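If you count the sequence shown from 1, you need to add 4 to reach my numbering.
Just so you know, these hints were derived from the structure itself, not from any lab.
What you are looking at is a predicted structure, and each value in this text was computed from that prediction instead of being measured.
Among the hints, a few may not be true.
Stated by the list, open to error - Listed below are the simulated BS3-like cross-link pairs for lysine-lysine, each with C-alpha atoms no more than 30 angstroms apart in a straight line:
no.	residue 1	residue 2
1	382	440
2	573	563
3	359	387
4	562	551
Stated by the list, open to error - What follows is a set of in silico ranges between Cβ atoms, one per label pair, in the way DEER data are often shown:
no.	residue 1	residue 2	range
5	544	508	45 to 55 angstroms
6	432	407	29 to 39 angstroms
7	494	519	46 to 56 angstroms
8	580	541	56 to 66 angstroms
Heads up, the beta-carbon is just placed ideally off N, CA and C, and yes, glycines get one too.
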Amino acid sequence: MASCTWRNVPLLDACSSLTSDGVQLLEHIENEERLVIITLMGTSSTRTRRCELMAKLLGQTEAAIPSSHDESLVLLASVINLDDEFQMLPLSPKQLVGVFCALSSLVISCFEDNGSPSSLAPYLPQFQSLFQALTKEFALMEVFDMLPQMLSIDWSTDRSLGDMLADFENENSVCIANTLARLVKYMNLGICYPPGAVQMTFDDFTGVQATVKRLFGLEMTGEMFSALLQNVLVQLLKQEPLDFGSAWDDHVEDKCRGLAEDALNTYVDCVHPAVLEHPPIEFDALKQLHEEIWRLSMDIYHSASKYKSARYRHVRNMLKSDIRSLYETEVKTLTQKSRKYCQEVRQTLWTDLFKCASQRCRSETFTATLTAIQDFDKYYAEKARGPEKAAVLRDFYQHEAIQAFYQLEGAVIQQLSESQTKELRLDLEKDFNDKKQALVEYFKIEEAHLRSGMVRDLETMQKMHEAKSIRANIDESETRRLRGEVSELKRQNLEQQDKLIVLEHAQNEAMTQKSVLNTQVADLEAAMQREVINRTELLETLALTIKAAEEKEIELNKKINDLQLEVEKKTFRVESELLDLTQQVRKTNEEKEELQKKLNDFFLKVTALPETLQHHFFCLETAHPVDFAGALTSFMS
Numbered sequence: 005m006a007s008c009t010w011r012n013v014p015l016l017d018a019c020s021s022l023t024s025d026g027v028q029l030l031e032h033i034e035n036e037e038r039l040v041i042i043t044l045m046g047t048s049s050t051r052t053r054r055c056e057l058m059a060k061l062l063g064q065t066e067a068a069i070p071s072s073h074d075e076s077l078v079l080l081a082s083v084i085n086l087d088d089e090f091q092m093l094p095l096s097p098k099q100l101v102g103v104f105c106a107l108s109s110l111v112i113s114c115f116e117d118n119g120s121p122s123s124l125a126p127y128l129p130q131f132q133s134l135f136q137a138l139t140k141e142f143a144l145m146e147v148f149d150m151l152p153q154m155l156s157i158d159w160s161t162d163r164s165l166g167d168m169l170a171d172f173e174n175e176n177s178v179c180i181a182n183t184l185a186r187l188v189k190y191m192n193l194g195i196c197y198p199p200g201a202v203q204m205t206f207d208d209f210t211g212v213q214a215t216v217k218r219l220f221g222l223e224m225t226g227e228m229f230s231a232l233l234q235n236v237l238v239q240l241l242k243q244e245p246l247d248f249g250s251a252w253d254d255h256v257e258d259k260c261r262g263l264a265e266d267a268l269n270t271y272v273d274c275v276h277p278a279v280l281e282h283p284p285i286e287f288d289a290l291k292q293l294h295e296e297i298w299r300l301s302m303d304i305y306h307s308a309s310k311y312k313s314a315r316y317r318h319v320r321n322m323l324k325s326d327i328r329s330l331y332e333t334e335v336k337t338l339t340q341k342s343r344k345y346c347q348e349v350r351q352t353l354w355t356d357l358f359k360c361a362s363q364r365c366r367s368e369t370f371t372a373t374l375t376a377i378q379d380f381d382k383y384y385a386e387k388a389r390g391p392e393k394a395a396v397l398r399d400f401y402q403h404e405a406i407q408a409f410y411q412l413e414g415a416v417i418q419q420l421s422e423s424q425t426k427e428l429r430l431d432l433e434k435d436f437n438d439k440k441q442a443l444v445e446y447f448k449i450e451e452a453h454l455r456s457g458m459v460r461d462l463e464t465m466q467k468m469h470e471a472k473s474i475r476a477n478i479d480e481s482e483t484r485r486l487r488g489e490v491s492e493l494k495r496q497n498l499e500q501q502d503k504l505i506v507l508e509h510a511q512n513e514a515m516t517q518k519s520v521l522n523t524q525v526a527d528l529e530a531a532m533q534r535e536v537i538n539r540t541e542l543l544e545t546l547a548l549t550i551k552a553a554e555e556k557e558i559e560l561n562k563k564i565n566d567l568q569l570e571v572e573k574k575t576f577r578v579e580s581e582l583l584d585l586t587q588q589v590r591k592t593n594e595e596k597e598e599l600q601k602k603l604n605d606f607f608l609k610v611t612a613l614p615e616t617l618q619h620h621f622f623c624l625e626t627a628h629p630v631d632f633a634g635a636l637t638s639f640m641s
């Protein structure tokens, strides 16, 4: 088989596989273009007439006749160019016939005398197996939408295709599953005969059946056709059973993966730049952005993918998992950037503020240090960003602030003498206590955050210790109780063993009685079985007698009806003959009366003549007397 072209591009190669150029053509058809496929199939002896008929309907001067003996024809066109684009594409592998039926809007089966109805859709084995598998996997309405319209062309001469189909259906009543048969019944357009088809145009012949193919609620595009056919060809190359449902699921998964990738890229394009901003954004802002872009990405996926398949939900779940993983990665990145940025702010601010505080005079050193800490807290709150803002501030109070007070204390001790220290100690302690109290109050907010977690942990540990002690007490009391129960159970066990011995004796006696009763029951069952057999034979005999009587009655009724019909026919014939005879008798009587009148007139005329003339009239040419009949004949003539 030579390669087939469509739109001047090689579409199918010699093995009915899509070429690379054909795949590129189908995948780049504009979105508004939808495909119409018509499949013609039949025996090898009809392939020439199929091609000639389609060439005549399409207005082509010559028909491209396939070289193989078992090829079908596929007519492919876009809805936009139905009049110009229908192209005959020979199809070789028999395994693909059922698949092309599923992809077609109209399936035309050609039949002749030496063919078999099993080569027609829907009796074609590939057609039945494919759609029966689909009825098990998908809803009936989805399978019904995929069924093509089916038309048969009858080229037989001796016996009509309708009669052969009726006999074939009677002989093979289970050739199509009941569910599939109910669906196919509504898609069968009947039988067409070549003399009428030759007089039609292609539009008149196909009619409204040449419409866009719908698969699982979607109109078939070039990309969908290419993907499904390639998936089926892969199954064929792997020598796997053809599974149209799996091919559809693979196509849906490929499409949904592309849509999911676009949605994921949208999420990355929106969230990742925000994480890389300088200074870092707050965690709440990132969380809000994540939720908004999450909804946007899922909306992009849902709005673009309208496929009916379990793979659609599978890819959606994978998209959700990928977005969660990306979000966790972005949170870690934001945390690292926030810690780095806040540590830089902390180091820069504290270096400048502590340097200024160190340059103050000795009497203002403590006040300057406290002011520097307060200014640091203020400026840090303004400049610091990100989720690590509070953690870095806690580290500052645990390290730099305490270290500053230690340095301040050492400097004061070095600068003041013992006497000055003694005089100022009370004032400093008082001032320190006041400042310390103020600073402690200031630190309580931060301390509360640190202690709340410790309190919860201590409460949990306390509850755990209490539960452990309660469990130990319960276990000890439970052990004592169980020991008492074990002793009681041992005593009861001895009593039960004694009772068991008594029951065993009683059981042996019961077994003996049971064997006797079983023997009696077996005898009764055998007797009952014989009775049932006798009654069954009697019923069968009566049924056969009744059936024979009914058949004899039917035969007698049939003979009675035949006799009644024959009697009615003979009665009608006798009545008709009697009516004819009655009319003949009436006519004879009328003629007799007329003759009697003429005879009377004749005798009157004869008697009026002289006697010599009477003698001369009757004896003119004869020597013997003339009888009355002869005279009458002469007179009448």
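Review point. Which of the stated hints cannot be reconciled with the structure, identified by number in ascending sequence?
Key: Of the numbered hints, 6 and 7 do not hold.
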